[in-house]
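Throw the hints in and build the complete structure from the sequences for me.
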Amino acid sequence: MERVYADQNSIQFYNTIGKPLAERYAAYNNGSYFPSDPVVNASYYDAQNAATIARLPQSIRKCEIFGQRWNTHIQKSSNATCSESIFAHSYHIAPAMEKITYVPVGVVTRYYNGVFANLAGIPEIVVPIGQIRFWSPYSERWEWQPVTVAFEAARGCDLQLFELVERLEGLGLLRETLPGKVVYYTDEVW
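So in UniProt numbering, spot 175 of the sequence shown is number 175, and the numbers just go up one at a time.
Hints in this document: simulated from the structure, not taken from any laboratory.
Heads up, the beta-carbon is just placed ideally off N, CA and C, and yes, glycines get one too.
A few of these clues could be false.
With beta-carbon atoms standing in for the labels, derived distance ranges [what the hints assert, rightly or not]:
hint: 1; residue 1: Q58; residue 2: D187; range: 12 to 20 Å
hint: 2; residue 1: L178; residue 2: G31; range: 18 to 26 Å
hint: 3; residue 1: V39; residue 2: F162; range: 36 to 44 Å
hint: 4; residue 1: E163; residue 2: S32; range: 26 to 34 Å
hint: 5; residue 1: Y185; residue 2: G31; range: 45 to 53 Å
hint: 6; residue 1: F134; residue 2: S78; range: 38 to 46 Å
hint: 7; residue 1: G121; residue 2: N79; range: 17 to 25 Å
hint: 8; residue 1: E64; residue 2: S32; range: 37 to 45 Å
hint: 9; residue 1: S78; residue 2: S32; range: 33 to 41 Å
Printed below as a string of structure tokens:
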């Protein structure tokens, strides 16, 4: 499964966003390339790489096989409940350190937690469930970071996820978030 996600992600980004944006930006800015983060640049140039382009049909086929197996054996649909199961997992990880320590830039070439939703073509919704304090070496103070959980259901069961979120909200487990640096109100001044 190595590079399956990266190949499709890079080429889809390039065809639908990257190339049109680059052309429009250049037309209005004397031929300049649009300013972007290093990760965006990595995907943009990966999509133009001959090896990536040559691998794309095989990557698409691997993705189709993964999706068929996932939807047949793991995340099955049900006539009674739409999805036999709902998967839940957290995307929560320690805050990134790119602003403090150099991290090499590249495209995601491996299978990682959560990418199965993309590869299997199943619905996913990510919701905030809280926030935690962490010491930020960048701002040199205690900060808040949101904690989220992702829910996935069988293909075609998108509404089941929306109903789940509504129920969790009704029970008080999910609530509206704030814009800005904190997810929920704190007594601290920001």
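Okay, the hints, checked on the actual structure:
The hinted window of 12 to 20 Å between Q58 and D187 is violated, with their beta carbons roughly 55 Å apart. A hinted range of 18 to 26 Å is violated for the C-beta pair L178 and G31, which are about 41 Å apart. For the pair V39 and F162, the supplied restraint of 36 to 44 Å is violated, since their beta-carbon distance comes to about 30 Å. In this structure, E163 and S32 break the distance hint of 26 to 34 Å, their C-beta atoms being roughly 47 Å apart.
Between Y185 and G31 the C-beta distance comes to about 48 Å, which sits within the given range of 45 to 53 Å. Range check, F134 to S78: Cβ separation about 40 Å, and the 38 to 46 Å hint holds. Against the hinted window of 17 to 25 Å, the Cβ-Cβ separation of G121 and N79 comes to about 20 Å, which satisfies the hint. Against the hinted window of 37 to 45 Å, the Cβ-Cβ separation of E64 and S32 comes to about 39 Å, which satisfies the hint.
Between S78 and S32 the beta carbons are some 53 Å apart, a value that contradicts the proposed interval 33 to 41 Å.
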